[in-house]
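Asks: The listed protein sequences derive, respectively, from chains P, Y and E. Note that my numbering has the first sequence beginning at 1, numbered continuously upward. Note that my numbering has the second sequence beginning at 1, numbered continuously upward. Note that my numbering has the third sequence beginning at 1, numbered continuously upward.
By construction, these hints were calculated from the structure, which means they are not laboratory data. The beta carbon of each residue, even a glycine, is placed where N, CA and C say it ideally should be. One or more of the hints may lead you astray.
[Unchecked claim] Covered by chain E, according to a simulated footprint, are these stretches of chain P (three or more residues, beta-carbon under 8 Å):
(1) 7-17
(2) 24-37
(3) 59-65
(4) 89-98
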Amino acid sequence: MIPLSNYLIVGAALFVLGMIGFLTRRNLILMFLCAEMMLQGVTINLVAFARAHGNLHGQVFTLFIITVAACEAALALALILMLYRRGHTLDVSIWQTLREPGQEETVDLDAPPQPPREEPLPHLTPAGTAPPAGDREESYV
Amino acid sequence: MFDPQTMLWLIPGLPLLAAIVTAALGPKLLKHWSHLPTIIGSAASFVVAVMLLIGLAGTQGDGPHVAASGYTWFAAGAFKVTLSLQADTLTALMLVTVTFIGTFIAVFSAGYMHGDDGYPRFFAVMSLFLFSMTGLVLADNFLVLYAFWEGVGLCSYLLVGFWFQKPSAAAAARKAFLVTRLGDAGFILGIMLLWSQFGHTFEFGPLFREAARQADNPYVTVMCLLLFCGAIGKSAQFPLHVWLPDAMEGPTPASALIHAATMVTAGVYLLARCTPLFVLSPESQLYVACTGGLTALLAALIALTQNDLKRVLAYSTISQLAYMFLGLGAGLKHESLAVFAASAAIFHLFTHAFFKALLFLAAGSVMHAMGNVIDMRRFGGLRKLMPITHWTFLCGAAALAGLIPFSGFWSKDQILEAVLHAGETHESHYRIMYLILFASGLGTAALTAFYTFRAYFRTFWGREKVPPEAGHHAHESPTVMTVPLIVLGIGSVLVGVVFEAFTHGISRFLARAIAFQPLHMPLPVHHTNWLLILGSTACAVGGIALAWYLYNEKPLLPLGIAHMIRPAYELSLNRFYFDEIYTLLVVRPLETLGQICRFFDGILDGIVDLVGLNPRLIARLLQPIQNGLVQFYALVMMVFLTAFLTIFVLWLRQ
Amino acid sequence: MAVFSDTSTLIAGPWRFVPPLVLAAASVYLLLPRPRGRSVLWGAVCGIPAIALGGFVCFRSDGAVFPETFLFYSFSTLAVTGGAVMITQPNPARAAICFALVVMNVCGLFLLQAAPFLMAAVIIIYAGAIIVTFLFVLMLAQPTGFSDADDRSREPFLAAFAGFTLLTAVLLLLDHSYPPVKPFVELLNRVDVARSQDSVAGIRNALGDGQAFLNDLGREFRQAPNQKLGKDWKDAIEDLEPELQKKDDRVDVAALKGHLATLVAVGRDIQKAKEVKPLPAENVAALGRLLYSDYILAVELGGALLLVATIGAIAIAGRKPGRAAT
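Excised from the complex, chain P in its bound form (with noise of 0.2 Å):
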């Protein structure tokens, strides 16, 4: 039997990381998603208690929570969408009215990063043989 502490700490790390994710990522999406991590980590913990315990009121427990989740998952896909509207970008940082009267907005300053390269479009071998060297001036129809 797997001991205790060894779920703890798996519940633990998912927690941690997830909230490193949502304290560092500027995507609204992306933001969700590691506070979605996040509460994967306590339902680990939960159900481990309640295998510790021998009795299922931590999976009860978990339900709730899944119930919860799914809810603030609608109500801020709503919002999400709602700023969307607004401000045109998933970007968090662009909504700082927050700030002290005295402060500047926190705009980037790095370059922007380089587009994405267009993906290379596949490379055909050429087929068949070039035309002889003197058709080319001649105009096709």
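We have chain P already, so just place chains Y and E on it with the hints.
Replies: Leaving out everything else, chains Y and E in the frame of chain P:
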């Protein structure tokens, strides 16, 4: 009619009442009738003063004295000060002088200041001044005297800076006040030293009796010199004489009252009152006499070249005051000599009040006619234009020059006699000094005659010349201005002959002053020193003749002489550069000190501001945390939560 | 596995958490997206040993069975790795897929802990509904898949540092609260052996160094699951200690053996108290019974909450910008 105590309270009280009435009702109600309360008040005060004088003169006995005790000003342990008045013969004479001159100058001012915006203010301050001056001479103890001393200083400031919008007038008022303040610092030190040494009292009587008992107190000389400091400041002696010429920025009647007749004589009065003290210290008397002699010569030399009529009169005031101090310093240890010398000085004060006030008022009349121009180079030959002013000015000038039988002659003669006697009746080194002082006194008399008549000839003789500012004013002054001139003219002619010359009434009257009582003096014996009379008359006539020659007969000669002795002329014209020296030695360092203090004050202000700015600075430090980014807020929360948990866990593990 | 878990106790107590967590923090920091590019290579170089070391020092294997432990290790490793990849992935669509992977592995862990219903529920709701919805929104909002903001992170160093400090604190706490069981069992066996001896010398021989034995006993106080048993254990030690510290010729053998017997009894009580009851096999039925008896109120509220959330989502998202509230 009144009992003596009431008289004592009335004499300063009436001008005070006039001042209050004028100040309260003048601007709105009285307007161009604002002179009435002042004239009525000072006239009434004069009447009461005369009654007091007659009363005291009629009293038999050695020291006629009236005392009126007031209420306790403050008392702290051994330190008790009461507001009480006293009057002896010295006081009575001074009161009569002050109120008489004051009344007529007030009458003159009603004409002179006509049409001025500050008409009520002028008369209010003039009444206040009369109150302070009469209170000063009536004071019973040193602190009350000091209080009124400052009072007259204040009124002088208010009157010199009467036209305060003019920067030079405001600066002159400040200068007068500050320079006299320097003297007053020494004065109050002297008072306190007196208090501490002689019985912890301020009153004159007990204090001088105690001083007579402690004749060998080592501090006596210091005390006398400190008191003399106050007199130097108030009476414009060297080295604090620089304020008096500048004080001519004020209206001419104010100059006449304050800086000719009354305020500047407060120092002389003080020293006369403290004769019992000065008698104990011959060194201080010698110092007083030397200061007097030096200042007299200095002022006379400066007055030789001044072009401004009022400045000439100002320097002549300094010179005549120096004469009075010369007289006061001739007392030494010989009792009857002390009384004689002091009474000579007071008599000269009395006559000087008349003729100097007259001269100033005449100058005011000239200024009024010439449209506020007083530079002698710009007008001339006014004797036909302004006859009354001319004749009264001549009377005053003759008195100042010391011609027989005008009043100035008798008083100057008494002083010179006192100095001569002081030289004769003492040790050798004192004798030499007093002989030198006598010589300087004679020389000053000659110079006085010369510059006085120089001014007279330049103003009233020569080609008739009126400056363009005069406009339609160039005529004799109105009656309200000429009547005081005539009265004072008669006074300056007759007062010497009538009261002193042959009857010695004033000296005998003064000798009975209680101020001199502790000395138990016999009445002085007069013998007429014909040689001295001849000598001084010769000096006066010689000076007048020289002035007539240079300024009437040969008008171009003074210019040539001035060219020949150019350095001396420049030195005299620029008032011996005293102002410049003082600016360099005193004013500049003080200004620098002020800047340094301002710098430190700025630092302190900065520190206080820093304390006040602290919250804002701390807020600025912490402000970047509130940058509006929600993720950042969550991060900060998480960081501190982590810190807390970590510490908690580590603490738990112990 | 057993061999590894024994050697893990050789490394000094709490400091053994530091290397793996430092490596993990470094790897997360390196992997977080930055405008000038992130170094995946270095991140991996730091991360893989971090996970390995972490598992090594953190996990205990007290009496575990082989298939179970293998499954546990694989699920947990994949979950944590998936989580790390998810938070450091610039492309949000790929990050969503990684989240699906995490959810799968977490459900695997649920299965290991006799929660099959939960496994199914979580997979359906999370991997099925939530992630798919998110991907839809992502497609609508970021058709290109990439945006400028995705390539940046806010305060990567501070977040990684603080996060892993928190993890260290939690791990230390867990290490303190759940001490390994094996040394405890071994200690009890030793006491048992000593109890069966007849002479003092024999007892001392079996127990080993007296002071070290007492230290071990004191340390094992942490094993007690509740206060009463902890107190009993402490009392037993206090009774034993003076007896043990007497000189050999003064020792009362019978009393000593009595104390040792009490100690063993308390120890066995502790062991029994920490035994885990097996969960019911009919998981769904038991869950349902529990839900609809003990938690009926919560169920109703949960339903109401779902309804309100639905209405709310429709109300919020249905508004067009600029239009007044309807």
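Asks: Taking the hints in turn, state whether each one holds.
Replies: Now for the hints, and whether the structure bears them out:
1. 7-17: With 9 residues closer than 8 Å to chain E, the segment 7-17 of chain P meets the three-residue bar; holds.
2. 24-37: The restraint on the segment 24-37 of chain P holds, since 11 of its residues have a Cβ under 8 Å from chain E and three suffice.
3. 59-65: holds (count 5)
4. 89-98: Our answer is that it holds, as 5 residues pass the Cβ test (under 8 Å) against chain E, meeting three.
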